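A.B. asks: Here are the chains, one letter per residue:
Protein chains: 2
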Amino acid sequence: MPEWIYPDFEPLPKRPLFLCIISNTDTGKIPGLSAAGTSPKLTDYTPGADAELVETNRIITMPELPEAPGGSPTPAIVTRAALNLTGVPSMFVASGLRKKPAVPYAELGGEAGSDIRVGPAVPAASAIFENALLLGRKLSRLSDCVFIGESIAGGTTTALAVLRALGYQAGVSSSFQSNPTALKEEVVAQALSRAGIKEGDLKNQPLRAVQEVGDPMMPAALGLMQGLLGCRTVLAGGTQMAAVLALAKALKIGGDVSIATTKYIIEDKTAGFKEIVEAAGRPYYYADPGLERSRVPPVQIYAQGYVKEGVGMGGASLLAGIYGLTQRQLVEETDRVLLTVELPKR
Amino acid sequence: MPEWIYPDFEPLPKRPLFLCIISNTDTGKIPGLSAAGTSPKLTDYTPGADAELVETNRIITMPELPEAPGGSPTPAIVTRAALNLTGVPSMFVASGLRKKPAVPYAELGGEAGSDIRVGPAVPAASAIFENALLLGRKLSRLSDCVFIGESIAGGTTTALAVLRALGYQAGVSSSFQSNPTALKEEVVAQALSRAGIKEGDLKNQPLRAVQEVGDPMMPAALGLMQGLLGCRTVLAGGTQMAAVLALAKALKIGGDVSIATTKYIIEDKTAGFKEIVEAAGRPYYYADPGLERSRVPPVQIYAQGYVKEGVGMGGASLLAGIYGLTQRQLVEETDRVLLTVELPKR
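For the protein sequence lines, the chains are A and B, in the order given.
Going by the numbering used here, the first sequence runs without a break in its numbering and finishes at 775.
Going by the numbering used here, the second sequence runs without a break in its numbering and finishes at 775.
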């Protein structure tokens with residue numbers, strides 16, 4: 430195992446599969462909360478555009494490359510690079526997605542998540558969970574190791590809300606370099622108040638926590654995990670996926686489950702990734718994609734704490750390491766992906 | 430291999446996957462043409478309801494069990510039975526589907542097919558082909574043997590139109606016991622005339638034949654076949670899938686491709702299944718599901734030539750045989766599926 434992967438990931442998977450759940454929420458449109466998409470108007474298109482980029486290196490249904498405000502491109506470029514290099518097959522899974530990608534994807538149904546300050550977030554959480562369970566069962570017959578990433582704007586805020594409802598005190602990460610922690614806590618406080626929930630009230634009702642203050646990615650991830658019992662499952666993400674582990678613990682979902690993320694998440698002092706994962710009782714892995722080596726400045730600054738995670742970037746990087754690729758190869762392919770991505774003609 | 434499977438299917442697949450393409454067309458709504466759905470109004474819901482039945486043994490988005498006019502239930506009951514008994518995972522694939530099922534499925538996009546008498550059938554055939562190719566490539570990394578069935582009302586008429594455009598003289602089968610051959614030939618003649626095509630004109634332009642007088646299932650099946658190169662592929666269907674083999678030959682798609690159907694198709698004297706498959710240069714298999722043993726009269730009459738094929742019933746039955754199940758077990762499970770299927774509450 431190369432030195433940029435911690436710790437060793439063994440045994441090596443034989444037929445790995447990389448899933449990425451894509452969802453929309455109105456929480457993600459609260460100004461200042463998410464760095465996914467340059468304007469709230471385009472936020473709904475970001476997950477679909479990420480799918481298009483990873484599957485075809487083209488953006489089809491959005492006018493531009495998804496970007497963070499600091500000018501960094503979507504982490505989908507790293508995921509695309511890692512999957513290109515390894516040949517690991519990917520499949521995007523839509524759950525509560527308004528704007529569908531123009532590439533193949535698996536559909537779980539459901540509506541986009543509500544603004545958690547205003548009303549119940551995911552009333553159909555149980556139906557999404559059931560559909561995801563069905564899909565997970567099938568995939569467990571075909572793959573021996575399934576990675577599950579996410580692309581959902583505003584997802585760290587709904588993660589924070591769910592963590593508070595479950596009684597976890599840890600903070601969450603952000604795609605901004607400077608985490609808008611106060612705004613997130615305010616949104617979460619309003620949401621819990623609107624739902625009549627105090628911190629920890631739902632520690633034994635995880636699906637209700639998702640219904641009230643979560644997002645449609647969560648029941649999809651939980652259902653897949655339940656369906657994939659018997660197959661090794663690796664959540665690929667930062668504090669959003671750590672929150673899913675907390676939910677899975679409360680749901681008593683067993684199995685060989687771990688989480689893989691980036692060094693940038695591990696080093697984020699505003700977020701309690703390790704704390705949440707350890708409380709949930711699951712092992713974690715992380716990869717250092719080494720993006721300071723990039724020749725493209727907006728990619729270099731990932732290493733300074735912009736973007737950090739998303740679209741399963743950490744898990745995909747881990748796969749690249751598992752397949753024996755070097756950090757340099759991953760960075761060079763990431764640059765190549767970014768410089769060759771096709772955008773819609775104006 | 431049991432005696433109800435012809436010939437032996439070897440070597441045995443290790444990780445088989447059962448796909449079923451679901452599509453809608455306006456050709457399928459021409460009165461008297463298709464037996465799928467009891468009324469043209471419900472025709473669009475039939476493929477989605479078949480998906481729901483196979484995945485969950487429930488009908489969710491349609492008010493009743495899909496039926497043929499003779500009163501026989503959808504062949505999805507046999508497919509469900511065979512997949513239940515074998516544990517082979519299934520995945521429904523939507524291509525040009527108006528009414529989506531309430532269970533997980535893979536989405537390829539595209540619009541429902543037009544009435545071929547009125548306008549070009551599938552203008553977006555190339556885009557569907559490309560998306561299906563992407564999906565096929567992924568699945569070829571996970572499975573060693575992929576079956577591809579279909580559920581599309583009116584599909585034998587578009588198959589006939591495509592065969593004529595390619596210059597094949599053979600006839601197609603029907604879900605009616607008495608094949609409305611004259612009506613089909615009339616619709617096809619009108620479609621070819623509308624498109625300005627004479628028989629055989631498009632023998633070297635198969636994708637144009639699909640665009641003009643085909644249906645959205647065809648480019649999906651062709652793209653999957655191309656993407657699955659290197660993986661054993663078995664089309665599961667009657668003359669509709671035989672027409673896909675004819676298109677694949679014209680497209681010079683190679684690989685280990687065969688076709689599996691029911692004894693009822695092989696015995697259909699109005700249809701040229703064997704003739705088309707032999708001209709396309711591919712081997713065929715067939716299963717005798719033995720439905721005359723059923724205790725349910727509307728299922729018994731399958732053996733008298735009602736329904737015959739659909740939802741990959743022949744291929745799924747073949748899988749049951751490959752897994753060592755007896756005809757009796759398949760029939761008993763089919764009866765059990767039919768008698769326990771949950772319908773929407775009125």
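By construction, these hints were calculated from the structure, which means they are not laboratory data.
Treat the hints with caution; some may be incorrect.
One copy or two, either will do: identical chains are not told apart, so a pair holds if it fits within one copy or between any two.
Unchecked claim - Calculated cross-link-like contacts (lysine to aspartate or glutamate; reagent style EDC-like; alpha-carbon spacing at most 20 Å): (1) Lys-632 <-> Asp-685; (2) Lys-678 <-> Glu-615; (3) Lys-678 <-> Glu-771; (4) Lys-443 <-> Glu-614; (5) Lys-443 <-> Asp-573; (6) Lys-698 <-> Glu-439; (7) Lys-529 <-> Glu-540; (8) Lys-681 <-> Asp-437.
This structure is a prediction, so every number in the text was calculated from the model and none was measured.
A.B. asks: For every hint, state whether the structure bears it out.
C.D. replies: Here is how each hint holds up against the structure:
For the identical chains of this complex, Lys-632 and Asp-685 are neighbours neither inside a copy (23 Å) nor across copies (53 Å), given an alpha-carbon limit of 20 Å. Within a single copy, Lys-678 and Glu-615 get their C-alpha atoms no closer than 26 Å, and across copies no closer than 63 Å, so neither meets the 20 Å cut-off. Taking identical chains as interchangeable, the C-alpha atoms of Lys-678 and Glu-771 are never at most 20 Å apart, the minima being 42 Å within one chain and 33 Å between chains. For the homomeric pair Lys-443 and Glu-614, neither the shortest alpha-carbon distance inside one copy (42 Å) nor that between copies (51 Å) is at most 20 Å.
Proximity of Lys-443 and Asp-573 under a CA criterion of 20 Å is satisfied in both settings, with 7 Å inside one chain copy and 14 Å between copies. Proximity of Lys-698 to Glu-439 under the C-alpha cut-off of 20 Å is found in neither arrangement, the shortest distances being 29 Å within a copy and 58 Å between copies. For the homomeric pair Lys-529 and Glu-540, the shortest alpha-carbon distances inside one copy (12 Å) and between copies (14 Å) are both at most 20 Å. Proximity of Lys-681 and Asp-437 under a CA criterion of 20 Å is satisfied in neither setting, with 27 Å inside one chain copy and 45 Å between copies.
The structure shown violates the earlier hints numbered 1, 2, 3, 4, 6 and 8.
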